[in-house]
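Protein chains in written order, with this note's numbering: chain A, 1 to 331; chain B, 332 to 595; chain C, 596 to 882.
Bear in mind the hints are in silico, worked out from the structure with no lab data behind them. For each residue, glycine too, the CB sits at the ideal point set by N, CA and C. Do not rely on the hints blindly, as some may be mistaken.
Per the computed footprint, the stretches of chain C lying under chain A, defined by three or more beta-carbons under 8 Å from a beta-carbon of chain A, are [what the hints assert, rightly or not]:
1) 682-696
2) 771-777
3) 809-822
Now for the letters of each chain:
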Amino acid sequence: MGMRRLTRLTGYAIVIILLFLLPLFVTKPYYLHIFIVTLLYIIVVSSLRTISLSGQVSVAHAAFMGIGGYFSGVISKELGLTPWLTIPLGGLAAMIVAILIGYPFTRVRAIYFSMVSLLGGMAIVNIIRVCQKWTGAAGLAGIPPLSPINIPGLINIVFLGQKVPYYYFTLLLTLVSLVVLHRIEHCRIGMTWKAIAQSHFVASSVGINEAGSRVLALAVGCFFAGIAGASYAHYNLVLTPNTFGFLPSIFLVMYMLVGGRDRFGGPIIGTAILVMVPELFRGLKAFAPLILGAIMVIVVFLMPQGIAGLFDQIRARHGEVRNRKVPGSAA
Amino acid sequence: MEKSVTERYLEVLLETKRLTKFFGGLAAVSQLDMHVNRGEIVGLIGPNGAGKTTVFNLVTGFLRPTGGKVLFDGKDITGKKPHATAKIGIGRTFQLAYLLPDFTVLENVVASFYLYPKSGFWEAIFNTSAYRKKEEYIVNQAREILRFVGLEKVTDELAKNLPHGYQKVLGVARALAVKPRLLLLDEPIAGMSHDEIDFSLRAFEKMRSQGMTILLVEHNMGIMSICDRIMVLNFGHKIAEGTPGEVRQNEGVIQAYFGSEYAA
Amino acid sequence: MGPALLAQVAVNALMLSSMYILMALGFAILLSVMRVLNFAHAVIYMGGGYVCYQLAVVYGLNQWASLVVAAAVMGLFGLFLERFCLRPFFGDVNRTIVMTLALIVILESVVNILVGTQVRSLPAFASGVIRSGGVSLSVERLVTFIISAVLLLVLIFFIQKTKMGQQMLAVSQEPTGAVLQGINIYRVSAVATTIACALAAVAGSLMGAIVSLSPYMGDHMLVKAIEIVILAGIGSIGGVLGAGLILGTIDASLPILISGCATDALGLGIVILILLFRPQGLFGHEA
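Please build the complete structure, drawing on both the sequences and the hints.
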């Protein structure tokens, strides 16, 4: 195992261990809350990047978070099912919607796809709003929290009102999701997506079913968005449609771009910084968004490849040029 | 002696019947009847805009014909999608050397091994030993192909950094990954140096000797030497057909290429 | 539906369409001339409204004059925008998106800080009601429509008859060709941005009088502009008129029958369907 790889893996291991130990030194519930929300958004933005590997930049991803959240919230509330069951179902719901509306959308490519997806996302959120009977006039309230894990004599984990159990749940969920997404990207499935992104002509000519493969990308990405959305629902216990609308979807794309689309870690870094840093400045009240804006401006002017691409940028500057660009992504 | 229908049926690999394609009011390909026999190398030549690449696109499903049929190995494949035509054994290259630019030469070919052997979704994710064996086999086969086409020295170079001639050859390597029975080559030697052309022509002949059928489109008359038959297209019509010798002397062909003052 | 209601709906449709068109035109110009999805257009719209408010209500300037000045101010801001925020990232779609989003974030919060989210509105530009045959029409809305129609005609004249207008058209259709012909695309994009921003500012002021002003008022209009531009087709500036009319009519008439959200969903559904069968939009040329 190369030296570089060893250092990198050790680094990851340290970070993961620190994350597990986090609640020991971060005790204020408010800060844990930030971490929880950030982790969930990391899942969403990473899955957005996975979809974009196939050349489809979806500007509707927040809407799929919403589908997962509302579906899981509504059926667990109305049918009394445990969220442990309805969260995966929320993911499935988002995945199914993605497949259904994804097929027609494979007729359009590149920026046209992004534009149509923007409209699609807005339509989804509007439909959620229209179904007020289930989703509530001002929002969906009364969503059940994660049911307690109770093995008599061994453990009793209660989630209601406790941040720490939610934190560990979210951390585990995020780690598992990232591992899966990473695996998919680096096996033949991901390779096929990258091929489509670079040239759908070439891809078709070697037998790749472009439409089917693209729908698969959408299905996978939206599944994870749905899971994250559902988890959010059972954490926040309240949902409003605005959380999943037009601007949030665009911001998700922005998190991905600022973090850097070329590396797997891009969405992780981008989301972490863009969500957590403004929160640190929350005391500034109305001035807080300015911090976000400032970060965006700095990154866009100084880091063309995003924050995660900073490393490559510096190395390229010193003559060591190794192409890490995501195949098929336009400049 | 006239061949029986069955014998002819067994011989013909690709056939088009009255193949037509209109773009608006313009007929790019008009009532084209042509066929390619197994094991042949057939050349499709003609001036610019004669419709040659359109024929390729029609056969491989990148364009839908306005009329007529395409038959492959006796089966009607008219209007099948491109990936379906690849699946039944038609491989193709592109005139503009379309590649996967951000992949290395090796990755280009490895990625092209999508169809055979096929890996399932779950076995890929779980990295089963069957999957790993398939991928290893693919990498070995890819290196074989690269050796065969002479690209083994640039295996790890990014495709977009290759000089044009190499890119064209990479296109052929990619097409071979589909394990095609029929290879459609669109201007395979355009822009190549003399040595590269020689090498390519010998490679095509080697492929033919291994059972490959090749239909190629070219401008460069030098291709004629390895073709068993030539078909000449002009304004979407087939205006001549025959051995290279016959075609070279055909009046209509001379007229098409050089103008009427040179004919007869 | 009686004639009175029908007339009102018609006037609303015209007014709404013209507002949408003003907004969407600016957006479309930027998109086709500079290939830029300018999200910041939302804050230009909003800024125009607030500048007009500042001049007319706070400083007491004549409201019509304020409208003109607001348009000029936002036009100038557009120049600044183009030179420092868009030009550095020509051709880089990703960074342009991040940049324009940064602008929305920064400017919306700046206005929020300065002005607060307290809702204000501009006094009506024209008041009164026309009554005829039992039908009463709001003069204000009619006047709004007329102003927009006039601006549109001026714009069309500009594009068709002036040299700069023709250059803009050329760049939007074939940028490389235009450069080869000696057209200074930087100057063209500067002019285009100025015009686009002025139009949005006018729309913002007019709407600020009919509805109200808020730091986030641009978001909704931006969405409409995007819908219209997508429906009209990339590269088609004229198609914006048709698409704007369609969307404006839908948004003015459907809410009578179904709820606002359902209207939006339906409108979106129609646009999506059209796009899937005709990706180049109703009037676009590139596929």
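We went through each hint and held it up to the structure:
1. 682-696: holds (count 11)
2. 771-777: Violated - the region 771-777 of chain C has 0 residues with a Cβ nearer than 8 Å to chain A, which falls short of three.
3. 809-822: Satisfied; 4 residues make the cut.
In the structure shown, a violation is registered for the earlier hint numbered 2 alone.
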